[in-house]
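Q: The primary structure of each chain is shown beneath.
Protein chains: 2
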Amino acid sequence: MSALARRGDLLRLSTLFVRTLREDPADAEVASHKLLIRAGYIRRTAPGIYTWLPLGLRVLAKIEAIVREEMQAIGAQEVHFPALLPREPYEATGRWTEYGPNLFRLQDRKRADYLLAPTHEEMFTLLVKDLYSSYKDLPLTLFQIQTKYRDEARPRAGLIRGREFVMKDSYSFDHTDAGLDAAYQRHRDAYERIFTRLGLEYVIVSAMSGAMGGSRSEEFLSPSPIGEDTFVRTAGGYAANVEAVVTPVPDAVAYDDAPAAHVEPTPDAGTIDALVALANANHPRPDRAWTAADTLKNVVFAVTQPDGTRGLLVVGVPGDREVDLKRLEAALAPAEAEPAGDADFAKHPELVKGYIGPLVLGPQGAQVTAEDGTTSSAIRYLLDPRVVPGTRWITGANVADHHVFDLVAGRDFAADGTIEAAEVRAGDLAPDGSGPVELARGIEMGHIFQLGRKYAEALGLKVLDENGKAVTVTMGSYGIGVTRALAALAEANHDERGLAWPAQVAPAHVHVVATGKGTEVFEAAASIAEGLVAHGVEVVYDDRPKVSPGVKFADAELLGVPLLVVVGRGLADGVVEVRPRAGEAETLPVADAVAAVTARVEGLLA
Amino acid sequence: MSALARRGDLLRLSTLFVRTLREDPADAEVASHKLLIRAGYIRRTAPGIYTWLPLGLRVLAKIEAIVREEMQAIGAQEVHFPALLPREPYEATGRWTEYGPNLFRLQDRKRADYLLAPTHEEMFTLLVKDLYSSYKDLPLTLFQIQTKYRDEARPRAGLIRGREFVMKDSYSFDHTDAGLDAAYQRHRDAYERIFTRLGLEYVIVSAMSGAMGGSRSEEFLSPSPIGEDTFVRTAGGYAANVEAVVTPVPDAVAYDDAPAAHVEPTPDAGTIDALVALANANHPRPDRAWTAADTLKNVVFAVTQPDGTRGLLVVGVPGDREVDLKRLEAALAPAEAEPAGDADFAKHPELVKGYIGPLVLGPQGAQVTAEDGTTSSAIRYLLDPRVVPGTRWITGANVADHHVFDLVAGRDFAADGTIEAAEVRAGDLAPDGSGPVELARGIEMGHIFQLGRKYAEALGLKVLDENGKAVTVTMGSYGIGVTRALAALAEANHDERGLAWPAQVAPAHVHVVATGKGTEVFEAAASIAEGLVAHGVEVVYDDRPKVSPGVKFADAELLGVPLLVVVGRGLADGVVEVRPRAGEAETLPVADAVAAVTARVEGLLA
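Taken in sequence, the protein lines are chains A and B.
Each residue of the first sequence is one higher than the one before, counting from 1 in our numbering.
Each residue of the second sequence is one higher than the one before, counting from 1001 in our numbering.
The reader is advised that the hints may include incorrect statements.
Take a look, some chain A residues computed to stay more than 12 Å from chain B by CB distance [claimed, not checked]:
hint	residue
1	Ile204
2	Pro248
3	Asp273
4	Ala337
5	Gly365
6	Pro436
7	Thr472
8	Ala572
9	Pro589
Keeping only pairs whose Cα atoms sit at most 30 Å apart, straight-line, the calculated DSSO-like set for lysine-lysine is [to be verified]:
hint	chain 1	residue 1	chain 2	residue 2
10	B	Lys1347	A	Lys110
11	A	Lys136	B	Lys1136
12	B	Lys1462	A	Lys552
13	A	Lys454	A	Lys469
14	A	Lys62	A	Lys34
15	B	Lys1136	A	Lys517
16	A	Lys326	B	Lys1462
17	B	Lys1347	A	Lys136
18	A	Lys546	B	Lys1469
19	B	Lys1546	A	Lys469
Note that these hints are calculated values from the structure, not bench results.
Here a beta-carbon is modelled for each residue, glycine too, at the ideal position from N, C-alpha and C.
Using the sequences plus the hints, can you model the full thing?
A: What follows is the structure, encoded as structure tokens:
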């Protein structure tokens, strides 16, 4: 059956609400953002908040339709929640606080607290609790395509990280773990079909460190240099978001023969490079030269909890690696981290900038006693997993211009724990033994996640099982960024001249350009445009009477409709030109144009 | 061409996310609200905020599709604005303040002010200003179907007055008044088609008093006893929202022979009835008996401006009429009014409750001088238009137990102006001379409004005209309450057993019920359901195995799908039963069922 509708839309450029811009907007950095603005698909209304013009809305509707079809195909049922929600359910799960400043909060005229929902786990859980009570009602999958809100600190890249955006979110409900696994797999398969139909290249990466146990979580990334997510993969099949990469932990090292730690003067060695050079000059190692990997760098962060409390955290990493702030934040979530500032240092004179060492940190440092009598480190200290017992380090002596050598982990110092916060580098070994990783960047398009029983427990969603016993339901949460997918499509399908949409999501299938001044040109072009529409083809028809061919072609390339039909000079010879947005032009007899172009469109949509 | 799709949806009740309720929800007062909840179409999430379950969402989508088609048919182009908007444009037009507590306001993490938009006049105006600059670009009509917010003081009747709701709003842009008239008429015609296709009875009423001049404004009301709007109409064709009714002003009366005003003791005459009785007893009128219409009742209100300032207003009306608070508020908008309270009276000892008269009010009362030297009445006094010069009144003497008689308007007292605030009654004469009015109630479904140049002026939307001169654009604003239309449809199409949707908006066309225990019943029912779906019919199939026929029929009537097909006992005789939701049952041979029911559905949709 034809993928075409009974009748296509005809968009005449003489009246279509669109104006193209020749210049890039000042605030746009990435190609999709620049081109979607320039081609008149969207307009910025406020930071991270956009208005959809007719062409953009058409593309958005097509993406939504594909997502909806594939969700329905796995039996998911569509519902629709409000965006404006009362505080209470989010309070019950702790997310009212955990979301911190990322949540838009407001009060109504009666001073009741509301939020603009960033996701709807709580509401879906409560709705199922309201309607269902038996294991016989399950499995159940619900979804919505809905406008969501997130008060991003740094909205960027147009639609890629916005504050008001459209998401498809779905939730599965099962009373057994096996049921959840099956629901998860159905979503995974559906997502593969969705991104394939959208014409989007994608990579499925693990989104959660194995350290967190059985729950599965994967992301669908569209590989792109402008993506915000970094992921790793190996030839052996490992793929993970860099935030989820687990460092293979080396074996502990025997340290019986290690020399005692000794403090040495290291003037002007406030950087790792200077320190290594000085160590090799003044304290040469017999077996090989010192390298940055022999130093232990202690980096001070201020960590803010969702409730606003702020404390210091020192992360110790081998000196040849930086701390990756995104990995750090992923490890600390929902807390947020930033490099410690002068005010933070001022409160802790034991931290000597450039010479910070373990002996004032964590268990070695000052301790504080809580009201309940438990003690904890005054300065929390977490180590990279590579700092295993027995490893020997050159590190700060907590005195200006001095470092300590041969400080042995497990002998001379300990920490409050380990943390996955060091940068991941190309060539690092994957935790599954599949070899060295390579790094790439991607745009997160989708996320599938085995929530388990967290929300059901917090909100009391239970069903009676086969034995009449109340059991807590296990849930999955599955998202697709619909507006973000549109931006990713633009990012993946453009050239220097404009957008180049896949036919499945293009605002129209064919762009008919009338070039010339004679009425016969416009009559022939209109006739072809209308003929195509009668066959179900969606047509942009550039019927503007006093616009030059050059401007018309430039606009056509900017708009990015897949097939261009030029009605102009060739008309005298009874031909029109057909030119794919990316491809070679050819001529067709006028009389065949409608049938031949319709067939091409059907081919593109097949 | 068939109105059916290529393939219909099949909704199996064994898995459909719906639970019907036998009891009315405690907080529901009107039938549509009760039934939409009981039939599992919507669920309440917060006051005036609802979640859409699958059946409700299907109806909503059908209404939206009809609205969209008819808007596109008049050349309106679809766009989509954010709901979360910055304060500035609404500040520029004054609406940030004017909306008062009806606006949901919030701040983002940078303390910038935002609102959840109740309507988008400002944004459309600015968008057109952004893209267009010439009269050649006009006329233009844009629309969106979008979620809107209004912090109603009294959300009520379910979807009829909600705080988050879906509206179609459209805006026309023209550079001439004739253009605006044409755009207005196109919308008026489109609205007639929309409400006709929805199967909704409607009345078009004037929504603005002629006193406001040339701008036209009309409302589309669905007549309903639970409607919030009262409207009047005459056999002669006059129809107006009661708030827009203009009182025909009587001619002035000569008062040369009127006696001088005289104060009389009127003990215990604090009510109009008591006063009239006492006047007839103690001060009989020679020509006829005094009636309540001879008394002038002065009612004290506290009026709160959008900026929060509060002042007193006294409205003088003939004693046989009440002040209609909705008419009063319409006349005072955007200010809000409420009966004055004890605290208000305490500040004005000159107001003697039950005996308030003109001589301490308005121009006769105390005056206040503003900073700019202008003076105004300390207690603003506005009169019903019937109180024309020369009319003689019995009214309060501003002394307890005393009234003044023969107080003549224009001779003994004046006012600060007139106001349309007295109740309108059946039998009142229409202002256009078309005779006495009757009153009815309706639900406001749509509103069309010639905005004129107000927003374009405030926001600087001009285009160059034929002579290269910048002219301010004139606009129209046109709304349809989409979620409210759904409620109105439910209100207009139900009986005591449940909903009864018109086929065009029903969640499905046919409800197939399998009654009985044999597998052959379920096989035959499934075969018919699937046969219908293959013909494009949308089917709810009650395939629940262990549910009694009584429950199944009750659910079918509650859900309100137009055609019921019963597969059960008759199967032994080779027949099934077809029963319209409202109509007589008949039997059909099983073999003909699919074709015959499909034909019926096509008939219903034609």
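Q: Indicate, hint by hint, whether the structure satisfies it.
A: Structure-based check of all given hints:
{"no.": "1", "hint": "Ile204", "in the structure": "29 Å, holds"}
{"no.": "2", "hint": "Pro248", "in the structure": "39 Å, holds"}
{"no.": "3", "hint": "Asp273", "in the structure": "38 Å, holds"}
{"no.": "4", "hint": "Ala337", "in the structure": "17 Å, holds"}
{"no.": "5", "hint": "Gly365", "in the structure": "34 Å, holds"}
{"no.": "6", "hint": "Pro436", "in the structure": "41 Å, holds"}
{"no.": "7", "hint": "Thr472", "in the structure": "20 Å, holds"}
{"no.": "8", "hint": "Ala572", "in the structure": "30 Å, holds"}
{"no.": "9", "hint": "Pro589", "in the structure": "31 Å, holds"}
{"no.": "10", "hint": "B:Lys1347 to A:Lys110", "in the structure": "28 Å, holds"}
{"no.": "11", "hint": "A:Lys136 to B:Lys1136", "in the structure": "64 Å, violated"}
{"no.": "12", "hint": "B:Lys1462 to A:Lys552", "in the structure": "27 Å, holds"}
{"no.": "13", "hint": "A:Lys454 to A:Lys469", "in the structure": "19 Å, holds"}
{"no.": "14", "hint": "A:Lys62 to A:Lys34", "in the structure": "21 Å, holds"}
{"no.": "15", "hint": "B:Lys1136 to A:Lys517", "in the structure": "19 Å, holds"}
{"no.": "16", "hint": "A:Lys326 to B:Lys1462", "in the structure": "48 Å, violated"}
{"no.": "17", "hint": "B:Lys1347 to A:Lys136", "in the structure": "68 Å, violated"}
{"no.": "18", "hint": "A:Lys546 to B:Lys1469", "in the structure": "21 Å, holds"}
{"no.": "19", "hint": "B:Lys1546 to A:Lys469", "in the structure": "21 Å, holds"}
The earlier numbered hints that this structure contradicts are 11, 16, 17.
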